[in-house]
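Colleague: Read off the chains here:
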Amino acid sequence: MTAVAVDTVARAAATPEQPQPYAELGLAEIEYRRIAEILGRRPTSAELAIYSVMWSEHCSYKSSKIHLRQFGEKAPQTDTLLVGMGENAGVVDAGDGWAVTFKIESHNHPSYVEPYQGAATGVGGIVRDILTMGARPVAVMDSLRFGPLGLPDTDRVLPGVVAGVGGYGNCLGLPNIGGETAFHESYLGNPLVNALCVGVMRTDGIKLARADGPGNKVVLFGARTGGDGIGGASVLASASFDQEHQKKRPSVQVGDPFAEKVLIECCLEIFAADLVVGIQDLGAAGISCATTELAAAGTGGMDVELDLVPLRDPTLVPEEILMSESQERMMAVVAPDRLDDFLNVCAKWDVLATVIGTVTDSGRLRMTWHGEQIVDLPPRTAAHEGPVYDRPIERPYDQDVFVEHDGRTLPRPRTGDELRATLLRLTSSPNLASKSWVTDQYDRYVQGNTVLAAPEDAGMIRLDESTVRGVALSVDGNGRYTNLDPYVGAQLALAEAYRNVAAAGARPVAVTNCLNFGSPEDPGVMWQFAEAVRGLADGCQILRTPVTGGNVSFYNQTGNLPILPTPVVGVLGVIDDVTRRTAQGFRTDGALVYLLGETEDEFGGSEWAYTVHGFIGGRPPTVDLARERLLADVLINCSRDGLVDSAHDLSEGGLAQALVECCLRGDAGARIVLPEGADPFVALFSESTARAVVTVPRTEEVRFTDMCTARRMPFARIGVVDLLDGRLEVQGLFSISLRELRRASASTLPRRFG
Amino acid sequence: MPVRVGVVTFPGSLDDRDAARAVRIAGAEAVGLWHADPSLHGVDAVILPGGFSYGDYLRCGAIARFSPVMESVVAAARDGLPVLGICNGFQVLCESHLLPGALIRNRVRRFVCREQRLRIDDVTSVWTSAYRLGQEITIPIKNGEGAFVADAATLDRLEGEGRVVARYVDGNPNGSYRDIAGIRNAAGNVVGLMPHPEHAVDGLVGSGTEGLGFFSGILATPPAETAA
Chain A
9 MTAVAVDTVA RAAATPEQPQ PYAELGLAEI EYRRIAEILG RRPTSAELAI
59 YSVMWSEHCS YKSSKIHLRQ FGEKAPQTDT LLVGMGENAG VVDAGDGWAV
109 TFKIESHNHP SYVEPYQGAA TGVGGIVRDI LTMGARPVAV MDSLRFGPLG
159 LPDTDRVLPG VVAGVGGYGN CLGLPNIGGE TAFHESYLGN PLVNALCVGV
209 MRTDGIKLAR ADGPGNKVVL FGARTGGDGI GGASVLASAS FDQEHQKKRP
259 SVQVGDPFAE KVLIECCLEI FAADLVVGIQ DLGAAGISCA TTELAAAGTG
309 GMDVELDLVP LRDPTLVPEE ILMSESQERM MAVVAPDRLD DFLNVCAKWD
359 VLATVIGTVT DSGRLRMTWH GEQIVDLPPR TAAHEGPVYD RPIERPYDQD
409 VFVEHDGRTL PRPRTGDELR ATLLRLTSSP NLASKSWVTD QYDRYVQGNT
459 VLAAPEDAGM IRLDESTVRG VALSVDGNGR YTNLDPYVGA QLALAEAYRN
509 VAAAGARPVA VTNCLNFGSP EDPGVMWQFA EAVRGLADGC QILRTPVTGG
559 NVSFYNQTGN LPILPTPVVG VLGVIDDVTR RTAQGFRTDG ALVYLLGETE
609 DEFGGSEWAY TVHGFIGGRP PTVDLARERL LADVLINCSR DGLVDSAHDL
659 SEGGLAQALV ECCLRGDAGA RIVLPEGADP FVALFSESTA RAVVTVPRTE
709 EVRFTDMCTA RRMPFARIGV VDLLDGRLEV QGLFSISLRE LRRASASTLP
759 RRFG
Chain B
36 MPVRVGVVTF PGSLDDRDAA RAVRIAGAEA VGLWHADPSL HGVDAVILPG
86 GFSYGDYLRC GAIARFSPVM ESVVAAARDG LPVLGICNGF QVLCESHLLP
136 GALIRNRVRR FVCREQRLRI DDVTSVWTSA YRLGQEITIP IKNGEGAFVA
186 DAATLDRLEG EGRVVARYVD GNPNGSYRDI AGIRNAAGNV VGLMPHPEHA
236 VDGLVGSGTE GLGFFSGILA TPPAETAA
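From first to last, the protein sequence lines stand for chains A and B. Each residue of the first sequence is one higher than the one before, counting from 9 in my numbering. Each residue of the second sequence is one higher than the one before, counting from 36 in my numbering.
Hints were generated in silico from the structure; no laboratory data involved. Do not take every clue at face value.
[What the hints assert, rightly or not] Here's a subset of chain A near chain B, in silico, CB distances under 7 Å, partners left out:
1) Thr16
2) Gly174
3) Gly181
4) Phe266
5) Lys269
6) Val270
7) Val409
8) Phe410
9) Glu412
10) Asp414
11) Gln449
12) Thr458
13) Val459
14) Phe623
Glycine included, every Cβ here is placed at the ideal spot set by N, Cα and C.
The whole structure should be built from the sequences, with the hints applied where relevant.
Modeller: And the structure:
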């Protein structure tokens with residue numbers, strides 16, 4: 009790749025037999041042959057660089073594409089979607105001319121190699137995706153998975169990742185409004201860092217990634233191009249870690265959040281003055297991706313003088329410039345008569361901007377290097393017409409083991425003392441313990457529109473200070489459930505995020521997803537993936553929440569051991585009036601505690617089985633999406649009509665954990681009476697879905713119960729809030745002081761990380 | 036004519052919009068000031084907002100200090116113009132030598148964002164005059180380099196002259212010497228504060244309304260008197 013002589017188009021045509029390192033770049037022989045077929049000659053080394061990154065798993069979705077189509081085919085009809093899948097991010101109508109765009113993306117492998125920079129640039133990348141749509145980024149969230157707490161590598165990875173997410177987002181001035189952090193052995197060598205960003209714009213301000221209009225100028229602006237992340241997209245993100253690939257370590261990108269902050273403000277001023285025809289951010293595959301995608305989506309051709317790209321390292325060769333993943337760069341298509349205005353805005357913000365090319369109607373992407381032709385290819389073939397694989401799928405034999413060994417015989421706590429000890433053990437377990445050690449490193453206040461933030465069920469943002477309209481977001485995923493049944497597990501992740509958004513009082517309208525799986529070349533993993541996608545697509549159809557975009561991350565494994573299959577689902581809801589939101593904490597003395605939904609004996613994949621017995625088996629909780637919709641309708645009504653003064657969804661850890669969180673959040677005690685005849689263990693710790701705890705002021709009780717009855721929503725009065733009592737009491741069984749609960753919940757992470 | 040309060044935007048400022056909103060909620064007019072523009076546009080007071088001016092590269096606030104607008108702010112502050120520096124703005128004030136001491140990395144070596152209880156220990160400054168002496172308030176704190184440090188003589192002088200305007204209570208979040216959360220200059224027109232009152236001016240977003248006093252105090256004190 010560092011040949012002294014430039015490999016020109018003419019030279020490639022004249023030397024058809026010259027061997028090329030396609031295999032090292034991650035291309036299969038058949039793919040290499042197809043490139044030659046498209047071009048009618050061997051590719052130049054610059055073209056090979058472009059195809060290798062654009063046809064990588066990461067950019068081309070070649071193993072997942074045939075499954076992901078279901079998100080479009082099964083998409084429910086909805087009038088809230090302004091831009092669907094295929095663009096940088098989906099756009100949702102939030103009413104009154106407001107539009108909201110959101111997306112989640114993974115940055116898993118880089119975050120293992122270099123936790124701080126990997127996580128930081130993960131945030132930076134998703135923020136640029138949102139900015140590219142024409143939106144002001146207004147909030148971020150993060151979904152994190154680590155190996156077991158207490159192991160040295162977790163000590164290395166977790167603090168770095170958290171500092172990176174915070175360091176970048178804080179410096180950008182984006183409130184972090186929520187997310188999740190969970191632990192399991194399978195993530196030890198392969199943490200998951202999924203970052204979500206949401207942006208707000210006016211509906212007439214939506215921008216698309218298109219290079220339209222022959223003669224328009226192609227402008228590269230933002231940071232200079234350096235040697236960081238070269239080959240990251242195709243090589244680093246697509247090959248799993250093992251010893252011989254350790255040498256890939258230096259190829260993680262390095263972020264500069266200050267440069268991105270300035271770039272955001274610069275872009276927003278450019279958008280406001282309507283100075284661009286099309287715009288694209290530079291992420292994975294850098295200039296290769298931006299030029300091919302812009303050209304493919306627009307008039308169809310583009311001429312680029314690659315030697316005009318400003319470099320941080322002047323020794324970079326064309327192939328490296330094409331593959332560089334240097335951060336904080338954008339590419340815009342600008343009409344010639346707007347170019348001066350565009351460059352003036354860039355100058356105001358001290359943002360470097362360089363015209364590097366021109367849009368053409370040739371149907372070809374042509375690049376020169378100091379006057380010599382080094383690229384001449386049809387851009388669609390790189391951007392959209394990459395290889396598509398229907399990978400072999402096989403249900404792993406050990407799926408049956410889960411069903412046979414369902415954990416029914418695991419010893420259960422019976423007495424009050426045993427139940428009390430179980431509650432404390434679960435509350436202090438890494439997965440359920442307070443994550444404030446993490447979230448207190450994130451600015452949740454900046455921009456002044458944060459209505460709800462972690463540890464609330466959903467994050468909620470007011471769209472602008474001029475309106476009371478807002479959006480709520482939740483991200484959820486459970487690898488244990490998905491491992492037991494990928495179809496159901498994906499739907500459980502969807503259901504939980506959906507329920508969280510409704511609990512806050514917002515109506516769920518759209519979905520983004522980040523599908524984290526092992527190697528697609530493993531038929532068992534591919535089965536998990538196919539089932540999860542099918543489950544999620546079916547679930548979105550029933551809940552009427554279309555998938556608007558997302559990301560697939562394969563090869564999350566260490567050696568032959570894949571991670572637990574972990575689809576992370578983000579649900580976005582809209583709320584007309586954020587002053588009607590519902591928060592999680594108990595706060596009114598004497599308010600009545602109601603449990604909505606029905607509880608069955610469901611412990612497959614539960615936090616109890618995992619934490620107490622180290623066991624994952626059985627069936628995950630049953631999904632009833634019709635019931636989830638009913639529950640959501642009830643919760644939204646309660647919020648709008650002021651029938652409840654707190655709401656909290658039930659999920660991992662069941663009713664017991666929900667009550668602990670409601671008490672601690674509100675700093676209020678509660679007296680709970682479990683329903684008569686119920687098995688206390690099941691009532692407290694089962695993870696049955698479509699349930700929530702709400703508190704109802706006494707004055708609203710009749711209206712509340714009438715509404716539940718009319719809607720056929722099962723409900724049970726289970727207790728009362730006692731603000732002054734300072735304990736959570738489950739009558740006849742046990743009581744625990746808030747102090748003891750707080751200590752159990754709050755000390756787990758600090759004990760390890762200080 | 037309403038009191039006009041300038042809010043400076045440096046590259047990397049983050050809480051400038053929040054500070055401007057707080058000014059408006061308090062009843063004053065917010066005027067945007069740009070780092071590269073030396074003119075203060077005739078404002079009655081200036082707020083240096085939180086954020087990461089110039090990326091906080093080199094040292095927090097070290098580059099912002101040399102911006103054209105800061106030359107004017109420093110000169111006007113010496114003539115009595117009320118100036119409030121919040122978080123990064125506090126750092127800029129120390130770098131500009133309008134206030135003594137420095138702000139260094141938190142003792143916990145982490146960014147800390149949480150609700151923080153403060154006690155107002157001085158109400159003679161224009162920015163704290165809306166509070167009662169000893170009043171306790173809760174407002175957000177969020178910083179990575181918020182530990183106020185100075186030599187013992189300076190600390191003694193600050194305390195002796197009643198120039199500590201606010202102190203952390205119920206736990207020191209960043210290791211500030213003597214729990215100092217904010218200080219003022221001798222004249223009382225310049226205040227630096229590490230916590231963020233602009234995130235506590237509206238019951239809906241942020242955290243309560245107990246920060247509003249920092250912005251309403253300026254209204255109660257006619258600009259002419261503050262120049263004393």
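Colleague: Next step is simple, just say for each hint if it's right about the structure.
Modeller: Do the hints match the structure? See the list:
| no. | hint | verdict |
| --- | --- | --- |
| 1 | Thr16 | 41 Å, violated |
| 2 | Gly174 | 5 Å, holds |
| 3 | Gly181 | 3 Å, holds |
| 4 | Phe266 | 3 Å, holds |
| 5 | Lys269 | 6 Å, holds |
| 6 | Val270 | 5 Å, holds |
| 7 | Val409 | 43 Å, violated |
| 8 | Phe410 | 40 Å, violated |
| 9 | Glu412 | 46 Å, violated |
| 10 | Asp414 | 43 Å, violated |
| 11 | Gln449 | 5 Å, holds |
| 12 | Thr458 | 6 Å, holds |
| 13 | Val459 | 6 Å, holds |
| 14 | Phe623 | 35 Å, violated |
Violation of the numbered hints given earlier is confined to hints 1, 7, 8, 9, 10 and 14; the remaining hints are satisfied by the structure.
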